[in-house]
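Given the sequences, and given the hints that come with them, work out the whole structure.
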Amino acid sequence: MTLIADEIGRMPAALVRSRLKVLAELHESDEALPAPCLNLVPSGDRLVTSSARLDIANGDYNIRTKEIAGPHFLLQSRAELCATAIMAFLDEVS
Numbered sequence: 000m001t002l003i004a005d006e007i008g009r010m011p012a013a014l015v016r017s018r019l020k021v022l023a024e025l026h027e028s029d030e031a032l033p034a035p036c037l038n039l040v041p042s043g044d045r046l047v048t049s050s051a052r053l054d055i056a057n058g059d060y061n062i063r064t065k066e067i068a069g070p071h072f073l074l075q076s077r078a079e080l081c082a083t084a085i086m087a088f089l090d091e092v093s
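Okay, so the sequence shown: first residue is 0 according to numbering that gives the first Met the number 0, each after it adds one.
Keep in mind the hints are simulated off the structure, nothing from the lab.
Beta carbons are placed, not taken as given, at the ideal position from N, Cα and C, and that holds for glycine.
Wrong hints could be hidden among the right ones.
With a straight-line Cα cutoff of 20 Å, these simulated EDC-like cross-link-like pairs (lysine to aspartate or glutamate) come out [said to hold, decoys possible]:
1. 65 <-> 79
2. 20 <-> 6
3. 65 <-> 91
4. 65 <-> 44
5. 65 <-> 54
6. 65 <-> 24
So the derived label-pair ranges between C-beta atoms look like this [unchecked claim]:
7. 74 <-> 16: 16 to 24 Å
8. 11 <-> 93: 16 to 24 Å
9. 91 <-> 19: 26 to 34 Å
10. 12 <-> 32: 28 to 36 Å
What follows is the structure, given as structure tokens:
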């Protein structure tokens, strides 16, 4: 948790507020997303619960979920694996 606190501490306060506002305004929708989306899920995430991660894609056939070994800050810590997953996803949907 110290790493997370350190990372958040380096972020501009306005950015943190903006991200928290977006999260607070999220709501469940009955409509599917209009385009395919990729949900990269870190297997070692200690910030977002596994049930919350699963709820994101629940029932929406346009969301593909890919689990990657790593912590919450997955893109920063596992950039190559994420890039490979993103490229595979783009190949799949194009």
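How the hints compare with the structure:
| no. | hint | verdict |
| --- | --- | --- |
| 1 | 65 <-> 79 | 14 Å, holds |
| 2 | 20 <-> 6 | 18 Å, holds |
| 3 | 65 <-> 91 | 13 Å, holds |
| 4 | 65 <-> 44 | 13 Å, holds |
| 5 | 65 <-> 54 | 14 Å, holds |
| 6 | 65 <-> 24 | 25 Å, violated |
| 7 | 74 <-> 16: 16 to 24 Å | 21 Å, holds |
| 8 | 11 <-> 93: 16 to 24 Å | 35 Å, violated |
| 9 | 91 <-> 19: 26 to 34 Å | 33 Å, holds |
| 10 | 12 <-> 32: 28 to 36 Å | 31 Å, holds |
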